[in-house]
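Visitor: Here are the chains, one letter per residue:
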Amino acid sequence: MTLLESRSRTSRSSHGGTAEDSRPGDLCLVVMETPNAPHSEAQAAVSDPPADLSHRLSVLLESIGRGDQAAFAEFYQLTSRRVFGMARRVLIDPELSEDTTQEVFLQVWQNASKFDPKAGSPLSWLMTISHRRAVDRVRSSQSSTDREAKYGASTQDIDHDSVADQVGSRLEAEAVVRCLETLTETQQESVRLAYYGGLTYREVAERLNAAVPTIKSRIRDGLIRLKTCLGVS
Amino acid sequence: MTETNSGRNGRSGSFGDTVAVDLASGRAVDLAELYALDALTDEERQAIEQYMSAAPAAERTEFFDRVRQARETLARTFRIEEQPPADLFDRIVAQLPVQGSGPDAGTPAPPASGHIAGGQFAPRQPASGQPAGAQPAGGDELAQARQRREERRRPGGTRRWLAGVAAAAAIALGGVGVGSYVADQNDPMNQVVRAGDLREASVDVAGGGTATLLISSSEDAAVVKMNGVPAPPAGKVYQMWLIPKDGSAPVSQGLMDEEALSKPAVVEGISSAAALGITVEPAGGSQSPTLPTVAAAPLGA
Numbered sequence: 001m002t003l004l005e006s007r008s009r010t011s012r013s014s015h016g017g018t019a020e021d022s023r024p025g026d027l028c029l030v031v032m033e034t035p036n037a038p039h040s041e042a043q044a045a046v047s048d049p050p051a052d053l054s055h056r057l058s059v060l061l062e063s064i065g066r067g068d069q070a071a072f073a074e075f076y077q078l079t080s081r082r083v084f085g086m087a088r089r090v091l092i093d094p095e096l097s098e099d100t101t102q103e104v105f106l107q108v109w110q111n112a113s114k115f116d117p118k119a120g121s122p123l124s125w126l127m128t129i130s131h132r133r134a135v136d137r138v139r140s141s142q143s144s145t146d147r148e149a150k151y152g153a154s155t156q157d158i159d160h161d162s163v164a165d166q167v168g169s170r171l172e173a174e175a176v177v178r179c180l181e182t183l184t185e186t187q188q189e190s191v192r193l194a195y196y197g198g199l200t201y202r203e204v205a206e207r208l209n210a211a212v213p214t215i216k217s218r219i220r221d222g223l224i225r226l227k228t229c230l231g232v233s
Numbered sequence: 001m002t003e004t005n006s007g008r009n010g011r012s013g014s015f016g017d018t019v020a021v022d023l024a025s026g027r028a029v030d031l032a033e034l035y036a037l038d039a040l041t042d043e044e045r046q047a048i049e050q051y052m053s054a055a056p057a058a059e060r061t062e063f064f065d066r067v068r069q070a071r072e073t074l075a076r077t078f079r080i081e082e083q084p085p086a087d088l089f090d091r092i093v094a095q096l097p098v099q100g101s102g103p104d105a106g107t108p109a110p111p112a113s114g115h116i117a118g119g120q121f122a123p124r125q126p127a128s129g130q131p132a133g134a135q136p137a138g139g140d141e142l143a144q145a146r147q148r149r150e151e152r153r154r155p156g157g158t159r160r161w162l163a164g165v166a167a168a169a170a171i172a173l174g175g176v177g178v179g180s181y182v183a184d185q186n187d188p189m190n191q192v193v194r195a196g197d198l199r200e201a202s203v204d205v206a207g208g209g210t211a212t213l214l215i216s217s218s219e220d221a222a223v224v225k226m227n228g229v230p231a232p233p234a235g236k237v238y239q240m241w242l243i244p245k246d247g248s249a250p251v252s253q254g255l256m257d258e259e260a261l262s263k264p265a266v267v268e269g270i271s272s273a274a275a276l277g278i279t280v281e282p283a284g285g286s287q288s289p290t291l292p293t294v295a296a297a298p299l300g301a
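Residue numbers (my numbering), protein chains in the order written: chain C, 1 to 233; chain Y, 1 to 301.
Hints are computed from structural coordinates only; laboratory data are not their basis. It is possible that some hints are incorrect.
[Unchecked claim] Okay, the calculated bits of chain C under chain Y, using three or more residues with CB under 8 angstroms as the criterion:
#, region
1, 52-63
2, 203-214
[To be verified] From chain Y, some residues computed to sit far from chain C (all C-beta separations above 10 angstroms):
#, residue
3, 50
4, 63
5, 231
6, 243
7, 272
8, 284
[What the hints assert, rightly or not] Restraint ranges, calculated between C-beta atoms of paired labels, are given here:
#, chain 1, residue 1, chain 2, residue 2, range
9, Y, 284, C, 119, 56 to 62 angstroms
10, C, 113, Y, 245, 42 to 48 angstroms
11, Y, 65, C, 113, 21 to 27 angstroms
12, C, 62, Y, 236, 46 to 52 angstroms
13, Y, 65, C, 132, 15 to 21 angstroms
14, Y, 50, C, 182, 33 to 39 angstroms
15, C, 59, Y, 54, 32 to 38 angstroms
16, Y, 282, C, 140, 47 to 53 angstroms
17, Y, 231, C, 212, 52 to 58 angstroms
18, Y, 236, C, 178, 29 to 35 angstroms
Yeah, the Cβ is synthetic: ideal placement off N, Cα and C, and Gly gets one too.
Turn these sequences into a full structure, and let the hints guide you.
Guide: Right, here's the structure in full:
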């Protein structure tokens, strides 16, 4: 059984609304529980979810571009936890996060036909839209001081990052952790502040009391190091 | 890697203080990561885009290649997830502009068809023909009755669609909860799941499975359903707690043994609680939770 088959099967069963519905993040579990799944396949599924999920999401986006609501529903089911999770982390406020998530998916509906698989993975496309929306919203609704304070607070209660807990993505999560560790602490801090805090490089510099060019370098070097470690090409 | 500002490819010297300086000094490509991270002001972003639109093709390609890679990297690195409220998808669908074909584009289509089926309201159904939301074992009249009520309440079948798609309302009732509630229309569980302000949250349970909460502020209660959660270890039980907003001690909401795990449970009095926690405790339960929790769900609206 290929991962794709298992995924679509899971997806179908959830349409039936059984109490044992799998969640999108659990999908890889299905593979891991498949006795005959070749190890290499399971490995690929968990350490490199982009390949298969990407394919599915690309297909769905193509259908959404033609106005297919069922595809839209499945796309939402597979990705809404990511979009909402990021919005909550950046915006903290639940209502703002819901509004932002709503805007993101409306944008998906309207712009799906513009998605170009050659220009990047669907998840990257989606998270780019999501982050941009969340950042726009947080910058217009809160002062940077508030954001910093809230960011500080939000990092205290790490973490409902369920991904890290799910068996299916554990290897991928481990790779990320391992790669994050190749960054200096200051690089990590700067990238995180910009990503989850919604701060500009200048605000990061002010917050960390560092020179502006230094922060620019940390962010650039940190992301390049991460990219290299994760093998993003 | 050091924190000197030397370019990685032996490119020109340091970053400047402003994006304008960087663009002027030939470091445009080195701004790709900041651009991908949205760590720029709108004005800076526009300045970069304007620069790139006029830049030599090679430079432009290199820049957007690095932007793309940085975005992939970010999408793989920051993977936080949180279950949105159960009704959010419904709200989104309600706002969808009509797109593509037909006046019924706003009408939920059956999922398997892969296209908009004008005027067709068929809900997502398993092959057996049971309504979405019913247990596959079938015969759950209560769940079916509930679904009929929901369909009456919600025009256009959107609710049905949601039920099938997001599985939000897919918790079939009829089981007897921790508190031995009789499953009739007046029981607390039914009142919760029929509440107009129902929200869904789902959290992973350490050790496997998830706990799904259907939360209603108006009913001041939540229904908790464990999905695929393994039985507690021998001699242990799961214990549910409400963690009060005011920082006072967690309040036990009851125990769940292996048998109770399969049944939804009602937790009342959630308005004063910040979160619901589940712990593993010795048989008979504990006065205070033994940490760490195996699951914790925020209840705040």
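Visitor: It remains to establish, for every hint, whether it holds in the given structure.
Guide: Do the hints match the structure? See the list:
1. 52-63: Violated: only 1 residues of the region 52-63 of chain C have a Cβ under 8 angstroms from chain Y.
2. 203-214: Holds, because 4 residues of the region 203-214 of chain C bring their Cβ atoms closer than 8 angstroms to Cβ atoms of chain Y.
3. 50: At about 18 angstroms from chain C, residue 50 of chain Y clears the 10 angstroms cut-off, so the statement holds.
4. 63: Per Cβ check, residue 63 of chain Y is outside 10 angstroms of chain C; nearest 12 angstroms; holds.
5. 231: Its Cβ never comes within 10 angstroms of chain C, the nearest being 15 angstroms, so this holds.
6. 243: 12 angstroms, holds
7. 272: Since the minimum Cβ distance to chain C is about 18 angstroms, residue 272 of chain Y lies beyond 10 angstroms and the statement holds.
8. 284: At roughly 28 angstroms from the nearest Cβ of chain C, residue 284 of chain Y sits farther out than 10 angstroms, so the non-interface label holds.
9. Y:284 / C:119: 56 to 62 angstroms: The hinted range 56 to 62 angstroms holds for residue 284 of chain Y and residue 119 of chain C, with Cβ atoms some 59 angstroms apart.
10. C:113 / Y:245: 42 to 48 angstroms: Holds: the Cβ-Cβ distance is about 46 angstroms, inside 42 to 48 angstroms.
11. Y:65 / C:113: 21 to 27 angstroms: Holds, since residue 65 of chain Y and residue 113 of chain C (Cβ atoms, about 23 angstroms apart) stay within the stated range.
12. C:62 / Y:236: 46 to 52 angstroms: 49 angstroms, holds
13. Y:65 / C:132: 15 to 21 angstroms: For residue 65 of chain Y and residue 132 of chain C the Cβ distance comes to about 19 angstroms; the hint holds.
14. Y:50 / C:182: 33 to 39 angstroms: Because 35 angstroms falls inside the window, the suggested range holds.
15. C:59 / Y:54: 32 to 38 angstroms: The hint (32 to 38 angstroms, Cβ to Cβ) holds, given that residue 59 of chain C and residue 54 of chain Y are roughly 37 angstroms apart.
16. Y:282 / C:140: 47 to 53 angstroms: Between residue 282 of chain Y and residue 140 of chain C, where Cβ atoms are some 52 angstroms apart, the hint holds.
17. Y:231 / C:212: 52 to 58 angstroms: Since the Cβ atoms of residue 231 of chain Y and residue 212 of chain C sit about 57 angstroms apart, the hinted range of 52 to 58 angstroms holds.
18. Y:236 / C:178: 29 to 35 angstroms: 34 angstroms, holds
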